[in-house]
Amino acid sequence: MSFLSLEGLSKRFGTHTAVDGLTLAVEKGEFVSLLGPSGCGKTTTLQMIAGFVEPSGGAIRLEGRDLLAMKPAKRGLGIVFQSYALFPHMTVAENVAFGLEMQGVAAVERSKRVGETLELVGLGAFTGRFPRQLSGGQQQRVALARALVIRPQILLLDEPLSNLDAKLREEMQIELRQIQRTVGTTTILVTHDQAEAMALSDRVVVMNHGRAEQIGPPHEAYERPATPFVANFLGRTNLVNGTTVRPEKIWFATSGLAGKVRTRIFQGNHWLYQVETAGGLVTVIRQNTGEAMPGEGESVHLAWDGVPPHATRGEVSAKRTEGS
Amino acid sequence: MKSTPYLLSLPALLLFGAIVVIPLVMTVLLSFHDWGQYKGIEPVFILKNWHEVFTDSYFLEMFGRTFRIAFFVTLFAALLGAPEAYILNRMKSPWRGLFLLVILGPLLISVVARTLGWALLFGGNSGLINKALTSMGLISAPLPFMFTETGVIVALTHVLMPYMVLAVWAALQRLDPQVENAAVALGAGPFTVLRRIVLPQVMPGILSGAIIVFALAASAFATPAIIGGRRLKVASTLAYDEFLNTLNWPLGAAVAVLLLVALVAIVVGASRLVERRYAQVFG
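In the order they appear, the protein sequences are chains A and B. End of the first sequence sits at 324 in our numbering; the numbers just go up one at a time, nothing left out. End of the second sequence sits at 607 in our numbering; the numbers just go up one at a time, nothing left out.
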């Protein structure tokens, strides 16, 4: 029996079905992401687990117990909200201590655990600050500490990193993963960011129109997408002659699918190409290895695994057009 | 041009000067003039009126009553208005607008009409409620309402309540609903959420509402004039009487100026205190 199980979970708002018979089994200590575009039902699912939204059908069980029979205040789940939802009138330490106070933990034990948890998220020096005196990243850590300090059975993360800038988001992703590994809390993350989901999770649940399109490890979902929606949502894809190919799996060869470079964009660590071929526009991503790359307007040949003739992998070659 | 903003605001400043500053200065000067039953106002500079206002226990009583009434009106407006705003904020769409209108309704009706309504309900033996309660045998004598401090406090609380509700309502609007959910998820019951999470956050709203209500209650004229009449005077009705009945303008001016100065001091002091208390938390 799995640790947390969603069994045919559904939610209808009037005639609109937000979540449509979602079934998911989460193992203890697992990091699972609910991934999908906005309106796919991922946040509603999270809110049903948290108890803020009543399901229209189905069941949620935690270690076999019926979670729906419990009030949200009794579920003992740690939640990090998208807006962080810190208590603005309380200091960092008071924010983190609140949940322990509600559990009736004695003051000495409380301050010890608050101190430990704030150290864990790297905010040991900020206990006396108020939330608005902290940066977005620091507020995010307080929210995480506040959720973790009560030693929840499940940690629910609702788009926790979406309010941070790109660089900070990447740093927090790594840190979040490390913290989750350290404390070993079963975690469910809701996100629309496929890179974030793939970076953090043991398994992803790709959702669309309230249904799970695919449930599996990120690598598997990316390499073997179950549906065209999953393929498109988890990164770029090309549909060439009826087969889907990831842009980074295509290389320039001496022979293969002939085409002409329409645009070439330099993105630092890689080159992004749009190549016009008989089979339509093909996106190609090539690692920037410092070698010369075909320029715009040049005639090229594209090859990928499974497309004869097989060229040597990684070989970069382009037929120069006259005069260039 | 650096002077452009000043030039642009000149018309408004002139108007402000003409209708507020000049009469105010004249009132202050008037309070230093002499007055006699037969000689009328003498434009001299004496401290007679101020001396009278500060030494005669009659004036102390009037001002004591004024601020006592204002204090209780503020207290009751906060005790009733803050929960009212909270309930209003949690109402669903059609009801919310309707009840907001009910609460703000009094602002659309003249103070005089509203206060007379209270007088009709409670005034003496013929008051509607007194009549009903007496005929039901619940009370033997009519509840005293007219010419009592209780009456003035009740009527003023009703009149000024919308200001408190609006101030608290504005503070509630700024609340992140997820913050309440966060507290619930951490195990807080509904009462704890209200006391530990919602109330501290709307406190600045309650306090700013209290400052408005206090200032309006202390300087209110129509309601104390109708309910309190000449038997139960407050500072504003006292000044009115000195001006129009006794015709002792200089003494009336001294009372009016003292009320203004005391109010400004209280309001500025209170808002400074509030700002300092909450600057760190809410900025």
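Be careful, since some hints might not be right.
Said to hold, decoys possible - Derived list of chain B stretches under chain A, where covered just means 3 residues or more per stretch with a C-beta under 8 Å from a C-beta of chain A:
id, segment
1, 499-509
2, 513-522
Claimed, not checked - Computed far set for chain B versus chain A, every beta-carbon distance over 12 Å:
id, residue
3, 326
4, 366
5, 377
6, 399
7, 407
8, 527
As the list claims (entries may be wrong) - Distance ranges between label pairs, derived from CB positions:
id, chain 1, residue 1, chain 2, residue 2, range
9, B, 332, A, 133, 56 to 66 Å
10, A, 211, B, 601, 43 to 53 Å
11, A, 83, B, 590, 32 to 42 Å
12, A, 209, B, 433, 26 to 36 Å
For the record, the hints were derived by calculation from the structure and aren't laboratory data. Cβ coordinates follow ideal geometry from the N, Cα and C atoms, glycine included.
Open item on the list: If you test the structure against every hint from before, which numbers come out violated?
Closed with: 8, 9, 12
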